[in-house]
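These protein sequences, in sequence, are chains X and E. Using my numbering, you'd call the opening residue of the first sequence number 306 and step up by one each time. Using my numbering, you'd call the opening residue of the second sequence number 35 and step up by one each time.
Watch out, some of these pointers could steer you wrong.
[Unchecked claim] In silico DSSO-like cross-links for lysine-lysine, where the CA-CA straight-line distance does not exceed 27 Å:
1) LYS362/X x LYS427/X
2) LYS427/X x LYS521/X
3) LYS236/E x LYS578/X
4) LYS554/X x LYS427/X
5) LYS578/X x LYS436/X
6) LYS524/X x LYS404/X
7) LYS93/E x LYS571/X
8) LYS375/X x LYS571/X
9) LYS554/X x LYS571/X
10) LYS427/X x LYS236/E
11) LYS554/X x LYS236/E
Honestly, the hints are just simulated from the structure, not real lab data.
If you want the building blocks of each chain, they are given just below.
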Amino acid sequence: MKNFFNNISATIAQMPQWGLIFPIFVLMLFHYFVIFDKNKTEEKPELNTAPTENEMKVFQIVNELPHNSKVLILVNYGPESKYELESAMSALIGVLAEKNIGIAFATMIPNGIESTFTAVEKSIENGSFGKERFVYGHEYTHLGFIVGGNVATYLIANNFDQVKERDIFDSSADIHQPLMSEIGSISDFSAVFEFSSQTFDGVPGIVSFAVMLKDKNVKKIAFCSSDMLSAYIPFRGSIYLDGLIGGFKSIAVFIHEFQSSFNIEKQYSIMSKILFYIIILVIFSNLTRIAKKNKK
Amino acid sequence: MNIFNDIGTITALVLTLAVFSGFFKPNLLYRFAESLFIGVSAGYFAVIWYFSIIRPAYKSAVSGDLLILIPLLAGSLLFIPSNSEASYSKLRFVPAAFIVIVTTAINIPVYFSAFLQEMIRSSIIPLVSFDESGAIRIDMTINALLSIVCITSAIMFLVARHRNNNRFINTTGEIGRFFILVAIGSAFAYTLLSRLILFMGKIEFIMNALKIGF
Chain X
306 MKNFFNNISA TIAQMPQWGL IFPIFVLMLF HYFVIFDKNK TEEKPELNTA PTENEMKVFQ
366 IVNELPHNSK VLILVNYGPE SKYELESAMS ALIGVLAEKN IGIAFATMIP NGIESTFTAV
426 EKSIENGSFG KERFVYGHEY THLGFIVGGN VATYLIANNF DQVKERDIFD SSADIHQPLM
486 SEIGSISDFS AVFEFSSQTF DGVPGIVSFA VMLKDKNVKK IAFCSSDMLS AYIPFRGSIY
546 LDGLIGGFKS IAVFIHEFQS SFNIEKQYSI MSKILFYIII LVIFSNLTRI AKKNKK
Chain E
35 MNIFNDIGTI TALVLTLAVF SGFFKPNLLY RFAESLFIGV SAGYFAVIWY FSIIRPAYKS
95 AVSGDLLILI PLLAGSLLFI PSNSEASYSK LRFVPAAFIV IVTTAINIPV YFSAFLQEMI
155 RSSIIPLVSF DESGAIRIDM TINALLSIVC ITSAIMFLVA RHRNNNRFIN TTGEIGRFFI
215 LVAIGSAFAY TLLSRLILFM GKIEFIMNAL KIGF
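Using the sequences plus the hints, can you model the full thing?
What follows is the structure in structure tokens.
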């Protein structure tokens, strides 16, 4: 038995660094071509996870948003979290568009501008509403990149009339954006959503916004990527956060609930298998370490 | 068929594969893609900053709002070379100090309110949770009790570093060290998960671009 472990540990030690990534790549291709090839099997992967209490709370908030109201979406993620957050944001845009809810986008990081427009395009492509029903300036608007991190959150929370003066294309709010002409302050929004893959000076953007917000009745919901989960999760039950969808599992559950056409079940299934493979790899490498110690 | 879309997709595909080729060993294609990404992102950021800050400031100044000249002048002072021996070179500290003071003034209430007060409160209150039928919820109650142990022992770990002659503080500090390591480990695992999802997304993109799979 010891010899068996020693032989394997010697083989692993000889492998180059990319050798550990290579099996992940092979595993992904295997799943795409063999297991989930739609030409070969009719079986669709299922999302074997039920929504948690916290996720249900977010579903409830989204479902209870009044028709024809307005929401603000802070887009604070870039390409590094596109594959996690873009589908969730597109799903949310789809739900809001179906209910004729006006959306104002704003971003506190430069990359957020591009992220917003790609998410809107994706949601138009996949949604049941047409491009003609989702018009810039009427159904949605983009207030651009608001510079300053926590200073920007203060501006958004307390001086929104200044923030909304002009949009990203430098158009005046009152003339070119009928949507914004109905908004006076942040209290006129039914909810504020944040899609985030980073914090500002160590503080989650929505938390900083909530601390500075005088009107505590505005609903605050955050969607964060997996790497930001440890920063957001401590605020889950606090007065600063009414709902949190954090990490790939919660995002998959959210998309499954609101936009089933995105086929998130397949991605979730592949990801869970790869994670299982990594856990096996970690256990195995620890076993070889023990075997090495025994040899000494 | 949209020729521009296709050219964009092919370019993105070639660049993605060029970056992936760096897994094996750095090569000419990888270095080209790396330099291109740095150049393009620098250009992108320059354009964003120009349109978000410089252009609106210029327009405000032209339209008669001369107050905008004060931050403009203060910002310009930051560009004074730090190795200059001229007496006016110390002027660069004025806007730098202003930025530090304002940032600190804004961040301190946020830190106190969010981290010290609300984060701890939301972790431990309610200490005992009940479900709709009035029975105690074991999972939530254990979670709250564990949070108290974690917070207290993690603080004790920081104290134990300076007062290491007390056995109680040392033992509690060791427990705190364990929880801190668990927190760091879970943060690392979440980051790994996030990068794996990104990797999976790129594979999906390659599949779609090559019109295979899906």
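Practice problem: Verify the proposed pairing of LYS554/X with LYS236/E, using a straight-line Cα cut of 27 Å. | Solution: holds, 19 Å
Exercise. Verify the proposed pairing of LYS427/X with LYS521/X, using a straight-line Cα cut of 27 Å.
Key: violated, 33 Å
Quiz item: Hey, LYS427/X versus LYS236/E, does the alpha-carbon distance stay inside 27 Å?
Solution: This hinted pair holds, its Cα atoms lying about 17 Å apart.
Quiz item: If you draw a straight line from the CA of LYS236/E to the CA of LYS578/X, is it 27 Å or shorter?
Solution: holds, 18 Å
Self-check item: Satisfaction of hint between LYS571/X and LYS375/X, Cα-Cα up to 27 Å
Solution: Status violated; Cα separation ~33 Å.
Practice problem: Could you grab the alpha-carbon distance between LYS554/X and LYS571/X and see if it respects the 27 Å cut-off? | Solution: Satisfied, since the Cα-Cα distance of roughly 12 Å is no more than 27 Å.
Self-check item: Pair hint LYS93/E and LYS571/X, alpha-carbon separation not exceeding 27 Å
Solution: This hinted pair is violated, its Cα atoms lying about 50 Å apart.
Quiz item: Taken at face value, is the distance from the CA of LYS436/X to the CA of LYS578/X at most 27 Å?
Solution: Distance ~37 Å between LYS578/X and LYS436/X Cα, so the pair is violated.
Quiz item: Holds or violated: LYS524/X with LYS404/X, Cα cutoff 27 Å?
Solution: This hinted pair holds, its Cα atoms lying about 17 Å apart.
Quiz item: Given the hinted pair LYS362/X and LYS427/X, is their alpha-carbon gap at most 27 Å?
Solution: holds, 26 Å
Quiz item: Can the restraint linking LYS554/X and LYS427/X be considered satisfied, given a maximum Cα separation of 27 Å?
Solution: With Cα atoms ~21 Å apart, LYS554/X and LYS427/X stay inside 27 Å; holds.
Violated hints, listed in ascending order, are 2, 5, 7 and 8; each of the other numbered hints is respected by the structure.
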